[in-house]
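Number of protein chains: 4
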Amino acid sequence: MIKVTVWNEYRHEKHSEEVRKIYPDGIHNQIASFLNTEDFTVKTATLDEKDHGLTEDVLEETDVLIWWGHIAHHEVSDEVIERVHQRVLKGMGLVVLHSGHFSKIFKKLMGTGCDLKWREAEENERLWVVNPSHPIAEGIGEYIELEKEEMYGEHFDIPVPDELIFIGWFKGGEVFRSGCTFKRGNGKIFYFQPGHESYPTFYNEKIQRVIKNSVKWCAKTSNTYPTYGNHKPLENL
Amino acid sequence: MIKVTVWNEYRHEKHSEEVRKIYPDGIHNQIASFLNTEDFTVKTATLDEKDHGLTEDVLEETDVLIWWGHIAHHEVSDEVIERVHQRVLKGMGLVVLHSGHFSKIFKKLMGTGCDLKWREAEENERLWVVNPSHPIAEGIGEYIELEKEEMYGEHFDIPVPDELIFIGWFKGGEVFRSGCTFKRGNGKIFYFQPGHESYPTFYNEKIQRVIKNSVKWCAKTSNTYPTYGNHKPLENL
Amino acid sequence: MIKVTVWNEYRHEKHSEEVRKIYPDGIHNQIASFLNTEDFTVKTATLDEKDHGLTEDVLEETDVLIWWGHIAHHEVSDEVIERVHQRVLKGMGLVVLHSGHFSKIFKKLMGTGCDLKWREAEENERLWVVNPSHPIAEGIGEYIELEKEEMYGEHFDIPVPDELIFIGWFKGGEVFRSGCTFKRGNGKIFYFQPGHESYPTFYNEKIQRVIKNSVKWCAKTSNTYPTYGNHKPLENL
Amino acid sequence: MIKVTVWNEYRHEKHSEEVRKIYPDGIHNQIASFLNTEDFTVKTATLDEKDHGLTEDVLEETDVLIWWGHIAHHEVSDEVIERVHQRVLKGMGLVVLHSGHFSKIFKKLMGTGCDLKWREAEENERLWVVNPSHPIAEGIGEYIELEKEEMYGEHFDIPVPDELIFIGWFKGGEVFRSGCTFKRGNGKIFYFQPGHESYPTFYNEKIQRVIKNSVKWCAKTSNTYPTYGNHKPLENL
Numbered sequence: 001m002i003k004v005t006v007w008n009e010y011r012h013e014k015h016s017e018e019v020r021k022i023y024p025d026g027i028h029n030q031i032a033s034f035l036n037t038e039d040f041t042v043k044t045a046t047l048d049e050k051d052h053g054l055t056e057d058v059l060e061e062t063d064v065l066i067w068w069g070h071i072a073h074h075e076v077s078d079e080v081i082e083r084v085h086q087r088v089l090k091g092m093g094l095v096v097l098h099s100g101h102f103s104k105i106f107k108k109l110m111g112t113g114c115d116l117k118w119r120e121a122e123e124n125e126r127l128w129v130v131n132p133s134h135p136i137a138e139g140i141g142e143y144i145e146l147e148k149e150e151m152y153g154e155h156f157d158i159p160v161p162d163e164l165i166f167i168g169w170f171k172g173g174e175v176f177r178s179g180c181t182f183k184r185g186n187g188k189i190f191y192f193q194p195g196h197e198s199y200p201t202f203y204n205e206k207i208q209r210v211i212k213n214s215v216k217w218c219a220k221t222s223n224t225y226p227t228y229g230n231h232k233p234l235e236n237l
Numbered sequence: 001m002i003k004v005t006v007w008n009e010y011r012h013e014k015h016s017e018e019v020r021k022i023y024p025d026g027i028h029n030q031i032a033s034f035l036n037t038e039d040f041t042v043k044t045a046t047l048d049e050k051d052h053g054l055t056e057d058v059l060e061e062t063d064v065l066i067w068w069g070h071i072a073h074h075e076v077s078d079e080v081i082e083r084v085h086q087r088v089l090k091g092m093g094l095v096v097l098h099s100g101h102f103s104k105i106f107k108k109l110m111g112t113g114c115d116l117k118w119r120e121a122e123e124n125e126r127l128w129v130v131n132p133s134h135p136i137a138e139g140i141g142e143y144i145e146l147e148k149e150e151m152y153g154e155h156f157d158i159p160v161p162d163e164l165i166f167i168g169w170f171k172g173g174e175v176f177r178s179g180c181t182f183k184r185g186n187g188k189i190f191y192f193q194p195g196h197e198s199y200p201t202f203y204n205e206k207i208q209r210v211i212k213n214s215v216k217w218c219a220k221t222s223n224t225y226p227t228y229g230n231h232k233p234l235e236n237l
Numbered sequence: 001m002i003k004v005t006v007w008n009e010y011r012h013e014k015h016s017e018e019v020r021k022i023y024p025d026g027i028h029n030q031i032a033s034f035l036n037t038e039d040f041t042v043k044t045a046t047l048d049e050k051d052h053g054l055t056e057d058v059l060e061e062t063d064v065l066i067w068w069g070h071i072a073h074h075e076v077s078d079e080v081i082e083r084v085h086q087r088v089l090k091g092m093g094l095v096v097l098h099s100g101h102f103s104k105i106f107k108k109l110m111g112t113g114c115d116l117k118w119r120e121a122e123e124n125e126r127l128w129v130v131n132p133s134h135p136i137a138e139g140i141g142e143y144i145e146l147e148k149e150e151m152y153g154e155h156f157d158i159p160v161p162d163e164l165i166f167i168g169w170f171k172g173g174e175v176f177r178s179g180c181t182f183k184r185g186n187g188k189i190f191y192f193q194p195g196h197e198s199y200p201t202f203y204n205e206k207i208q209r210v211i212k213n214s215v216k217w218c219a220k221t222s223n224t225y226p227t228y229g230n231h232k233p234l235e236n237l
Numbered sequence: 001m002i003k004v005t006v007w008n009e010y011r012h013e014k015h016s017e018e019v020r021k022i023y024p025d026g027i028h029n030q031i032a033s034f035l036n037t038e039d040f041t042v043k044t045a046t047l048d049e050k051d052h053g054l055t056e057d058v059l060e061e062t063d064v065l066i067w068w069g070h071i072a073h074h075e076v077s078d079e080v081i082e083r084v085h086q087r088v089l090k091g092m093g094l095v096v097l098h099s100g101h102f103s104k105i106f107k108k109l110m111g112t113g114c115d116l117k118w119r120e121a122e123e124n125e126r127l128w129v130v131n132p133s134h135p136i137a138e139g140i141g142e143y144i145e146l147e148k149e150e151m152y153g154e155h156f157d158i159p160v161p162d163e164l165i166f167i168g169w170f171k172g173g174e175v176f177r178s179g180c181t182f183k184r185g186n187g188k189i190f191y192f193q194p195g196h197e198s199y200p201t202f203y204n205e206k207i208q209r210v211i212k213n214s215v216k217w218c219a220k221t222s223n224t225y226p227t228y229g230n231h232k233p234l235e236n237l
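Protein sequence lines correspond, in order, to chains A, B, C and D. For the first sequence, the positions run 1 to 237 when the UniProt record's numbering is used. For the second sequence, the positions run 1 to 237 when the UniProt record's numbering is used. For the third sequence, the positions run 1 to 237 when the UniProt record's numbering is used. For the fourth sequence, the positions run 1 to 237 when the UniProt record's numbering is used.
A hint or two may mislead.
The list cannot tell twin chains apart, which means a pair is met if one copy fits it or any two copies do.
No farther apart than 20 Å at their CA atoms in a straight line, the calculated lysine to aspartate or glutamate pairs in the DMTMM-like style are these [stated by the list, open to error]:
no., residue 1, residue 2
1, K171, E123
2, K108, E82
3, K216, D78
4, K216, E122
5, K3, D115
6, K108, E138
Hint data in this document are derived by calculation from the structure and do not stem from the laboratory. These numbers were taken from a predicted model, which means no experiment stands behind them.
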């Protein structure tokens with residue numbers, strides 16, 4: 001059983017009727033609901049909880065953290081981000097969704113600006129699999145069709161991903177590296193571009209499958225954390 | 001002409017007679033001296049100068065910044081680091097030497113702890129070229145021999161490098177990814193492991209050649225910086 | 001001066017009036033004409049010449065080989081391919097254009113099937129730069145617009161490229177890793193997707209710029225070729 | 001249950017008493033014996049069997065093929081190699097051990113010469129983990145100690161690996177990229193350097209663990225193979 005914590009800013013759903021219609025219990029609960037299978041134990045956490053719901057204890061019990069945020073990245077405390085960052089380096093998996101590209105934790109892990117082009121225009125997106133044997137693409141076939149998604153376009157200001165799994169095509173003429181993996185310390189990270197709050201993306205079965213696959217892929221392993229610092233020679237000098 | 005600024009913490013040379021014997025004018029001036037050829041215009045900057053010598057004006061006139069620091073990383077102001085970081089993302093090259101692995105700027109660009117194993121034991125290092133056609137390895141042959149170097153050993157807590165150019169062998173039994181490239185934004189970064197303050201590493205001609213090659217490799221180009229933000233469709237929707 | 005040999009199958013231009021209208025002297029001569037600047041010495045070679053124009057002497061005098069082929073890949077002799085392969089491993093650059101993805105030399109260097117989706121439908125392509133500081137993208141800006149190009153779509157059956165520089169967007173709904181670099185031995189390889197014989201792609205100034213940039217990028221360097229085989233220890237055993 | 005076929009040239013064991021003492025039933029049977037657990041169904045195949053034991057039927061029933069060869073690479077028929085190659089591209093995993101670096105199948109998949117430096121001198125090797133969260137390194141700790149192993153030294157003439165997991169240190173002064181992954185088509189490949197026929201490497205528990213891990217990592221998945229060829233537009237043109 002992989003222990004997953006789904007973190008959501010949970011603001012749009014409170015303030016916008018349009019978003020609430022799609023995600024009446026919040027994006028986090030929709031994600032939790034489809035993860036709630038025999039493979040995962042799922043909790044949620046949100047911005048307005050104490051410590052944003054991400055106490056040391058919660059993180060200690062988290063193998064994979066899923067992150068959705070958008071309009072309130074700056075309200076996330078640096079102390080909590082430092083805690084999450086350390087935990088990722090020690091091996092906790094991290095799945096960053098959509099507008100989480102601008103979250104403090106993603107930017108801290110990437111070391112870049114993480115900026116991009118964007119447009120809300122009800123256009124369709126098609127996510128092409130370019131790494132067909134990757135476990136995150138398992139069961140997806142050749143592409144995912146989304147009737148409506150926010151356009152995110154290149155240049156996406158990230159380091160070169162360790163692995164590129166999906167490339168997004170947008171009707172308006174742009175492309176995007178929509179599914180990317182990174183390693184930082186002992187932690188595995190997956191960035192996945194779809195998931196705008198006003199579209200029903202997290203009800204799409206293939207999107208759900210990708211998120212499930214990615215949680216399994218980046219789950220904390222039993223690998224030991226390396227030792228650092230002064231080191232005696234292993235051979236005669 | 002590539003405009004290079006060599007930044008040095010410049011503390012060991014002031015406080016240690018042993019180091020001063022090797023680098024009487026400071027490590028920065030030794031590096032500047034061998035870079036001072038027709039290909040480069042070289043300036044230096046040090047920690048104890050105003051703004052650590054890295055004002056907006058200086059950075060504006062810098063194509064490549066070389067960084068050597070060790071015992072005073074924490075004294076470098078966050079404001080200057082933010083400035084250097086932004087400048088790297090906009091295209092300034094960065095060459096990080098030896099103990100600069102723990103500098104604020106390198107850690108900020110990497111997003112990881114950047115820790116490693118180390119030992120000062122007067123042992124020899126041999127740096128093997130594993131990417132023989134890379135411009136940074138040009139003129140080096142198969143390996144570089146250093147009679148004495150500080151051991152830096154794996155695991156080195158960095159993201160997977162974009163390119164691995166040198167692997168270091170140490171007599172005491174360790175290996176190290178001793179020459180690595182990274183891209184962040186429009187900026188190119190080269191990390192190079194040798195250069196302990198109490199050994200004459202920067203007098204070694206092959207080491208000098210690698211540093212010259214790397215400055216050329218990561219020099220700011222005329223490439224334009226991408227645009228970000230809201231973007232009109234390029235096709236009819 | 002970089003010594004370039006432009007190799008072309010040169011069949012479409014002989015058999016099709018439509019193609020001949022666009023490339024009356026053959027695709028090779030059009031490519032040679034825009035390369036013919038102070039930076040390059042350019043020769044051409046074609047399939048129907050003796051040894052396909054690629055004798056040992058010609059290859060010995062070639063720093064970068066450009067390859068365009070389409071309907072007659074199978075007519076290229078294995079002996080010549082072996083010769084070109086060895087020469088790439090020893091450091092000759094190789095630029096493979098468009099339908100060259102199915103050439104014997106590209107398949108031999110990749111080790112994969114190199115297959116893809118395709119369509120000739122007079123649709124437009126937009127090539128987005130995803131690696132903005134790469135020398136091959138210098139001077140290109142954010143993207144290249146082609147009014148008409150043959151669609152090549154993912155999955156493209158190549159090894160993971162060392163560097164991904166362009167992603168192609170096609171109006172019909174596909175994407176493609178349209179500009180990729182690879183290293184094999186001491187040789188650098190650039191694959192570039194545009195260049196269908198019935199469209200005037202090689203008259204486009206940005207396409208010309210990419211090809212010029214790529215020739216410079218993959219030109220043979222002075223790096224020595226490694227030694228292999230039995231090796232005496234460098235340390236006491 | 002992952003279906004594994006262990007392929008061995010099986011010549012040294014027949015002709016050399018020294019080797020036979022270590023591997024009385026052949027290297028293949030020693031590898032099969034430690035894989036023979038609840039996770040795997042194991043068969044063996046050897047050079048001198050009909051079709052080298054690698055008929056279409058056998059390959060059809062193989063999720064992962066392990067390859068050990070050394071003195072008789074040239075005796076492996078091109079027809080069988082073509083069959084294995086196609087099967088790898090369609091998703092069969094391949095684990096290439098030690099001197100298999102020079103096998104026809106590995107060279108065909110790499111597209112390079114696959115040469116290296118070597119020495120038989122009874123020296124020790126230490127394999128350092130440089131990718132600590134990789135599933136192939138699970139349970140290994142920081143390094144593997146081998147009292148005796150054949151030295152394989154850089155430059156190793158392979159394409160840049162997709163992932164570098166182990167770097168080997170040799171007492172005589174060399175390093176080697178000793179554990180590397182590659183993808184070709186839908187197939188995953190792991191190259192692992194240890195395993196000289198006259199040393200008891202395959203009795204080492206950590207070596208066994210790496211091989212088990214790698215078989216799991218590269219096992220054929222349920223991912224569908226992409227479609228290629230002419231493709232109708234998915235959007236209106």
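Hints that the structure is at odds with (numbers, increasing) | Hints 3, 4, 5 and 6 are the ones this structure does not satisfy, whereas the remaining hints hold.
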